[in-house]
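Enquirer: Required output: the full structure, derived from the provided sequences and hints.
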Amino acid sequence: MSYKQRIDNRGFDETRPIEAKVGVIKRADGSAMFRIGNTLAYAAVYGPRNLHPKFMQDPQTGILRCNYNMMPFSSSGERVRPGGSRRSKEISLVTEKALLPVLNLEDYPNSVVDVFIELPETEAGSRCAGICAASMALADAGLDMRDLVSAVSVGRVDDKMVVDLDYSEESYPDGPVADIPVAMMPGSGKITLLQMDGEVSKEQLKEALEMAKKACLQIYEVQKKALKEKYHEVE
Amino acid sequence: MFKELRTHIVTLLNNQTRLDGRKATEYRSPISIEYGVIKTAEGSARVKIGETEVLVGVKLEVGEPYPDSPGEGTIIVGAELLPLSSPDYELGPPGIKAIELARVVDRGIRESKALDFKKLCIEHGKSIWMVVIDICPINDAGNLFDAASLGAIAALKNTKYPAYNGEKVDYKNKTDKQMQLEKVPIAVTVIKIDNNFIVDPDTEEEKVIDARLTVSSMEDGTLCALQKGGDQPLTQDEISQMLDIGIEKAKELRAYLK
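First to last, the sequence lines map onto chains A and B.
Under this note's numbering, think of the first position of the first sequence as 1, with each following residue one higher.
Under this note's numbering, think of the first position of the second sequence as 1, with each following residue one higher.
A portion of the hints provided could be inaccurate.
[As the list claims (entries may be wrong)] Some but not every residue of chain A turned toward chain B, in silico, with C-beta under 8 Å:
| # | residue |
| --- | --- |
| 1 | Tyr42 |
| 2 | Asn67 |
| 3 | Ser74 |
| 4 | Gly83 |
[Said to hold, decoys possible] Derived SDA-like pairs (lysine to any residue); straight-line CA-CA distance at most 25 Å:
| # | chain 1 | residue 1 | chain 2 | residue 2 |
| --- | --- | --- | --- | --- |
| 5 | A | Lys21 | B | Lys174 |
| 6 | B | Lys172 | A | Ser85 |
| 7 | A | Lys26 | B | Gly78 |
| 8 | B | Lys39 | B | Tyr256 |
| 9 | B | Lys48 | A | Val24 |
| 10 | B | Lys172 | A | Tyr167 |
| 11 | A | Lys26 | B | Lys174 |
| 12 | B | Lys160 | A | Tyr167 |
| 13 | A | Lys26 | B | Lys207 |
| 14 | B | Lys157 | B | Ala255 |
| 15 | B | Lys174 | A | Lys206 |
| 16 | A | Lys26 | B | Gly21 |
| 17 | B | Lys39 | A | Leu217 |
| 18 | A | Lys21 | A | Lys214 |
| 19 | B | Lys126 | B | Val62 |
| 20 | A | Lys206 | A | Leu217 |
| 21 | B | Lys174 | A | Glu170 |
| 22 | B | Lys39 | B | Thr175 |
| 23 | A | Lys190 | A | Asp147 |
| 24 | B | Lys177 | B | Phe117 |
Derived by calculation from the structure, the hints in this document are not laboratory data.
By construction, the Cβ of each residue, glycine as well, lies at the ideal position given by its N, Cα and C atoms.
Expert: Shown next, in the form of structure tokens:
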């Protein structure tokens, strides 16, 4: 058996169509929308602002707090019960770790930067879409950043390595599958998020990471363009 | 609290204007309704009133009827004041503001008989459709009540039943069967500040209100739900004036629904 053709006729190294915009939530200090295929993420940044409860404050540096949430109607199956699940808590944690390396919060002691990620519609790849939106929202908020963060999931479907898996590929019935979400600082190529579930060889993983890097560089261009476009509108 | 802001807003209102230059009973513009914006929902709508933006999604679930209404389906309205949408909201289970919002939207739909609950019955006494309406503000720049109510009706108009084989709902497979709306209730929230009545408050105006009255009415002007809020009382005469404004402005909002 061999995986020959992707459902939407995409190339194996091709992402679904991407759309990005910043400044979409006026009440936030920074905000962004990132869509990849049928997965849509909004991110809003509030802060740096006072941190409560007080015992969480760090006099050395500001802290980053991320929250990932799926809207109740965002799943193609049954309604998602509101309130955090174990899954959403874990994704919030890895998202925080994925974004932290590009930030410099030492100038904001005792403060917090809150990042709220909401997913109105999902079809695989939602944590990566959330991270892409969040890093754009942080930049839109005017925070001091070393780099953006771009993210995409790569993986294995049977004998092929592919970029940006969709649902049908994540649950491909006729062969082994691996799903590998990756977040990267495109400037340095350093990886800030790496997870994997499934079955791959070390060589395949290396190949997957190379593919992730290429895709992240493409996503990076889309993110940069969106950030610049906000200021074109003003002119 | 907000004493200076209040004085400023009242002075403006006494001079027939508002912070953004609107008239007292003028909605912000543009007002827009987009349908079917969320493919994973059975029905959805995005409503924008000025900078306020709300997403409403409808999911259909099969459940058992209540023992006292074995032949009727039901609706469940949920609202979450997402901390994404305003610096004033925090994470956590729905607070009293979110619960009130959900219940006001719920009553508008339920009491207007916008949905015929009998048509939501699948098998008498055994199985019914539960229509779950979730309200998610994206940007709260004021007047969530009216935006959410309009969004809920628009999302219901957009709803199609998923396939159901008697055992399982196949959410990937929407049928052509459209949700039937018998009536279309429209909510207009009328605000009292000092001796002035306004509609469609923005964030600043919401901070200084004396009282509010959410008026849900139908096409012929019949009232179907009311909710008074705010700390100050209202006279009968004031309520009468607020109802007139609510019914009148509902006509305007109704025109945005297709």
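Enquirer: Which of the listed hints are not met by the structure?
Expert: When the structure is compared with the hints, numbers 5, 11, 15, 17 turn out to be violated.
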